[in-house]
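Line order of the protein sequences matches chains A and B. Under the numbering used here, the first residue of the first sequence is numbered 1, with each subsequent residue one higher. Under the numbering used here, the first residue of the second sequence is numbered 576, with each subsequent residue one higher.
There could be a bad hint or two in this list.
What the hints assert, rightly or not - Derived DEER-like restraints, expressed as beta-carbon distance ranges:
hint	chain 1	residue 1	chain 2	residue 2	range
1	B	765	A	534	28 to 34 Å
2	B	725	A	202	52 to 58 Å
3	A	142	B	761	37 to 43 Å
4	B	687	A	248	45 to 51 Å
Claimed, not checked - Computed, partial: chain A to chain B, Cβ under 7 Å:
hint	residue
5	57
6	59
7	145
8	146
9	219
10	220
11	224
12	246
13	320
14	323
15	325
16	328
Stated by the list, open to error - Some chain B residues well away from chain A (every beta-carbon gap over 12 Å; in silico):
hint	residue
17	577
18	613
19	748
20	765
21	801
22	808
23	823
24	854
25	887
Please keep in mind that the hints were generated in silico from the structure rather than gathered at the bench. C-beta atoms are modelled at their ideal positions from N, C-alpha and C, and glycine is treated no differently.
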Amino acid sequence: MTSYYKSKHDRKKLRSLAAILPFVIAVLAITVVSGCRKERSHVRPGVLTVAQEQQSSWVRNFHPFLPMGVARWGTSAGIYEPLMIFNRMAGEYVPWLATAYEWQGGAEALIFTIRQGVRWSDGTPFSASDVVYTFNLLHEKPALDTGGLWDYLASVELDEEDRVVLTFSRPYSPGLMSLAQLPIVPAHIWRKLDDPVTFTNPNPVATGPFTEVLSFGGQVYELGRNPYYWKDGYPKIEALRFPAFPTNEQVTLALINGELDWAGSFVPAIDRIFVARDPEHHGYWFPAVAGSVYLYPSQWVEEFRDVRVRKALSLALDRAMINRIAMYNYTLLPEPTGLSEGYAKWRHPGIKPGDGWVHHDVAAAEKLLDEAGYRRSGKSGMRTGRNGKPLAFEISVIAGWSDWVRACQVIARNLREIGIDARVKAYDFTGWFEKVQRGEFELSIGWADDGPTPYRVFRGIMATETVKPFGDTSYVNWQRFGNKEADELLARFEGTVDFQKQREIALRLQEIFVEEAPAIPIFLNPSWGQYNTRRFVGWPNAANPYVRLSPNHPPEPLMIMTRLEPAPGREGETK
Amino acid sequence: MNRSIEYLLRRLGFYTLAAWIAVTLNFLIPRLMPGDPAQIMFARFKGEMSPESIGALRETFGISDAPLWGQYFTYLKHLLRGDMGISVSNFPEPVINVIASGLLWSIFLAGSALVISFFIGTSLGALAAWRRGGFLDSVTPPLLALLGAFPYFWMAMLTLFVFGFGLGWFPLWHAYPEGTSPGFNLPFLFGALYHATLPAATMVIASLGGWMLAMRNTMVGILGSDYITYARARGLPPRQVLIRYAARNALLPNITGFGMALGFVLGGALLTEIIFSYPGQGYLLLQAVRAQDYPLMQGLFLTITLAVLGANWLVDIATLILDPRTRR
Numbered sequence: 001m002t003s004y005y006k007s008k009h010d011r012k013k014l015r016s017l018a019a020i021l022p023f024v025i026a027v028l029a030i031t032v033v034s035g036c037r038k039e040r041s042h043v044r045p046g047v048l049t050v051a052q053e054q055q056s057s058w059v060r061n062f063h064p065f066l067p068m069g070v071a072r073w074g075t076s077a078g079i080y081e082p083l084m085i086f087n088r089m090a091g092e093y094v095p096w097l098a099t100a101y102e103w104q105g106g107a108e109a110l111i112f113t114i115r116q117g118v119r120w121s122d123g124t125p126f127s128a129s130d131v132v133y134t135f136n137l138l139h140e141k142p143a144l145d146t147g148g149l150w151d152y153l154a155s156v157e158l159d160e161e162d163r164v165v166l167t168f169s170r171p172y173s174p175g176l177m178s179l180a181q182l183p184i185v186p187a188h189i190w191r192k193l194d195d196p197v198t199f200t201n202p203n204p205v206a207t208g209p210f211t212e213v214l215s216f217g218g219q220v221y222e223l224g225r226n227p228y229y230w231k232d233g234y235p236k237i238e239a240l241r242f243p244a245f246p247t248n249e250q251v252t253l254a255l256i257n258g259e260l261d262w263a264g265s266f267v268p269a270i271d272r273i274f275v276a277r278d279p280e281h282h283g284y285w286f287p288a289v290a291g292s293v294y295l296y297p298s299q300w301v302e303e304f305r306d307v308r309v310r311k312a313l314s315l316a317l318d319r320a321m322i323n324r325i326a327m328y329n330y331t332l333l334p335e336p337t338g339l340s341e342g343y344a345k346w347r348h349p350g351i352k353p354g355d356g357w358v359h360h361d362v363a364a365a366e367k368l369l370d371e372a373g374y375r376r377s378g379k380s381g382m383r384t385g386r387n388g389k390p391l392a393f394e395i396s397v398i399a400g401w402s403d404w405v406r407a408c409q410v411i412a413r414n415l416r417e418i419g420i421d422a423r424v425k426a427y428d429f430t431g432w433f434e435k436v437q438r439g440e441f442e443l444s445i446g447w448a449d450d451g452p453t454p455y456r457v458f459r460g461i462m463a464t465e466t467v468k469p470f471g472d473t474s475y476v477n478w479q480r481f482g483n484k485e486a487d488e489l490l491a492r493f494e495g496t497v498d499f500q501k502q503r504e505i506a507l508r509l510q511e512i513f514v515e516e517a518p519a520i521p522i523f524l525n526p527s528w529g530q531y532n533t534r535r536f537v538g539w540p541n542a543a544n545p546y547v548r549l550s551p552n553h554p555p556e557p558l559m560i561m562t563r564l565e566p567a568p569g570r571e572g573e574t575k
Numbered sequence: 576m577n578r579s580i581e582y583l584l585r586r587l588g589f590y591t592l593a594a595w596i597a598v599t600l601n602f603l604i605p606r607l608m609p610g611d612p613a614q615i616m617f618a619r620f621k622g623e624m625s626p627e628s629i630g631a632l633r634e635t636f637g638i639s640d641a642p643l644w645g646q647y648f649t650y651l652k653h654l655l656r657g658d659m660g661i662s663v664s665n666f667p668e669p670v671i672n673v674i675a676s677g678l679l680w681s682i683f684l685a686g687s688a689l690v691i692s693f694f695i696g697t698s699l700g701a702l703a704a705w706r707r708g709g710f711l712d713s714v715t716p717p718l719l720a721l722l723g724a725f726p727y728f729w730m731a732m733l734t735l736f737v738f739g740f741g742l743g744w745f746p747l748w749h750a751y752p753e754g755t756s757p758g759f760n761l762p763f764l765f766g767a768l769y770h771a772t773l774p775a776a777t778m779v780i781a782s783l784g785g786w787m788l789a790m791r792n793t794m795v796g797i798l799g800s801d802y803i804t805y806a807r808a809r810g811l812p813p814r815q816v817l818i819r820y821a822a823r824n825a826l827l828p829n830i831t832g833f834g835m836a837l838g839f840v841l842g843g844a845l846l847t848e849i850i851f852s853y854p855g856q857g858y859l860l861l862q863a864v865r866a867q868d869y870p871l872m873q874g875l876f877l878t879i880t881l882a883v884l885g886a887n888w889l890v891d892i893a894t895l896i897l898d899p900r901t902r903r
């Protein structure tokens, strides 16, 4: 009896294995076959497909003053237009609804000359009084003033030549970008609204190239051409189409499949999985101009008040390895001043790569720590602090931000090599954000405040004005580092509009940064951008860097939309 | 019969109490999390948004520093009116509208997958137990258990890759074809079915084994009981013994499981929705948590809670009908 049961049991096992095998073989065969398949797209010719936001379904909202992600991306990239666009690649302002700007009396007033012959998409002429209305609307409704413009504005009015005069309550030259890039709304429409704050603006009237909502569904929406667009002959695109994708993976799949013309997402091993699929049409460009990522040593920790320790931490880091392991070699190593490629014309000519402490030099790091009095001791060879305990620090990072987590793991390893016991601790985003804002951390990776000039970067890293007591919430200067000379330089920067003077100040700020090491640059943030030339050509890239390719930084995409053309052989299709 | 009604009313009372507790927890838990929506929104920009804007955002979203008690009563008052507030991550859209955008799709996808899986699974389980040791009994359970044991994420990705991307038999994303408009028209209805096939298939594959094994195991026990032997000995047709006497009794535990699962249908299927870019409750919930969108979170939890409680009450009724003992 027993033997009978046993053999039956074995047979069962065999049979179930036999049942699984064909399935496994089928899957393998299909995977191999899947290499060869053709393009299948049901998109009308002349329609450009973009993936920028990650949502599972669309909510119809084209409110121009709400942050990205709440209002649809097209609102500030296609529908509404600003006075000027700050082009980060060129580092200059491109005239848009304004043809020129002019400062008056230092940085006390700013005057915009408004473009003539522009019409709203309902046919009504656009004028300087629309601009004045828009600025004053933000004053009346502070909830809409997300850029904090009225912190330094005193009044906005027209002069006798129909120019828009913005008078400041204090000299403040860094305000230019936020003022120039404010989306302008039509006074004849917005004046009639009961509550402009909760208005979802389902059918926008605007000056941009794509103002007509052709269709709006939960999964896809389309924006058609503005019949009155002011730039002659443009746009040469019939419509913009936005399919909803919830995560990076679906965007990657659509890119590989050739269904997207333009995207701004992170794609791992992009040369192999995206470009190699169709090298003739698929392209990407990740210029490292979107600011830098820093390691912040908090002044909360006694050891980090010693500049030698801060410099030693930096010298211990193998940034080439961080770039390889955390960033797929997509980015560049930071300069000694930490300023990204976007600040090329501001960089200090006297500070060369390899100067200072933003490079890998373990011997120098060890020497600095020895001088600072933290010597290696005991069997473990780890360094000890003043209190006789080993030097041990926690590196805070956001759980789930995988590139940052990988970077921190390399950093921890590098620090252990110089005898500092560093451990990575991943926090949920909100927990991390509260902790760093209160300054009560040891080491933390983080972004830096960013802007068109180095002003914001340095203000956020070393202005005494931004230093708050530990435990209080501070949006910038988490590590609580203040330098009196920097304060005075930053105040002078606010008060001048002369580029040469601003640059001189910025040079001195960079010298202070190199002397003081208030924050440790790790890598430069790339601007993610992918394109497909099968349907449209004229994309910016390294060879033709007229603006950033990435759609993630409105209003810059307006410059791309009004320049793209149908691919050769496809012109006839757009009619 | 009076007793059954009394029993049902007692259960209803219990569910009402449970609903109140759930509504209260629903209010409290999100508020115990650190941070607020304005900070989260700011953080998403990694430094590209000016820090001064946090204040303006708080004002825009109407983030309140009022004491919890006050907030709680306003919350209850609004809830009774069916007003769940305004979603912060989709400002200024009311929560009801945001939920409505995903609710029907969730019911359609997860609901049909559940019903299909339940019927196929329990039928297979009943048949497998009836022919013990037969082909169905020896091959299907291990195979289905194996399929169910694959990490769902991986299995769904593979299915999408092979049948959607590789072979191109099924669409890669979304719930209905572009160019059709939702409503009562054939292209839309067929399109929606076509789009739901692949995601629903992965959900059925992942859950089939559970239903089948549960049914088979109960069936095996019941087939061994005296009344079945008696029924057979009396010469009742095998089909009648199988369906009327064995399966009907064996179904009870599975019906309870079905009721529970039915309630969770409204929670959506997070992974399925993400992988197949399918609109639904699951992704909305994830988004709400990420953005600390309290009103949306509360609205979603509330629909899920009410659905689970409602489904449980339906199960009580079904058990009452299927099992005469509960009527006594």
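Hint by hint, here is what the structure shows:
no., hint, result
1, B:765 with A:534: 28 to 34 Å, "30 Å, holds"
2, B:725 with A:202: 52 to 58 Å, "44 Å, violated"
3, A:142 with B:761: 37 to 43 Å, "52 Å, violated"
4, B:687 with A:248: 45 to 51 Å, "29 Å, violated"
5, 57, "4 Å, holds"
6, 59, "4 Å, holds"
7, 145, "5 Å, holds"
8, 146, "4 Å, holds"
9, 219, "5 Å, holds"
10, 220, "5 Å, holds"
11, 224, "15 Å, violated"
12, 246, "5 Å, holds"
13, 320, "23 Å, violated"
14, 323, "18 Å, violated"
15, 325, "20 Å, violated"
16, 328, "18 Å, violated"
17, 577, "48 Å, holds"
18, 613, "9 Å, violated"
19, 748, "6 Å, violated"
20, 765, "15 Å, holds"
21, 801, "25 Å, holds"
22, 808, "26 Å, holds"
23, 823, "29 Å, holds"
24, 854, "4 Å, violated"
25, 887, "28 Å, holds"
When held up to the earlier numbered hints, the structure conflicts with 2, 3, 4, 11, 13, 14, 15, 16, 18, 19, 24 and fits the remainder.
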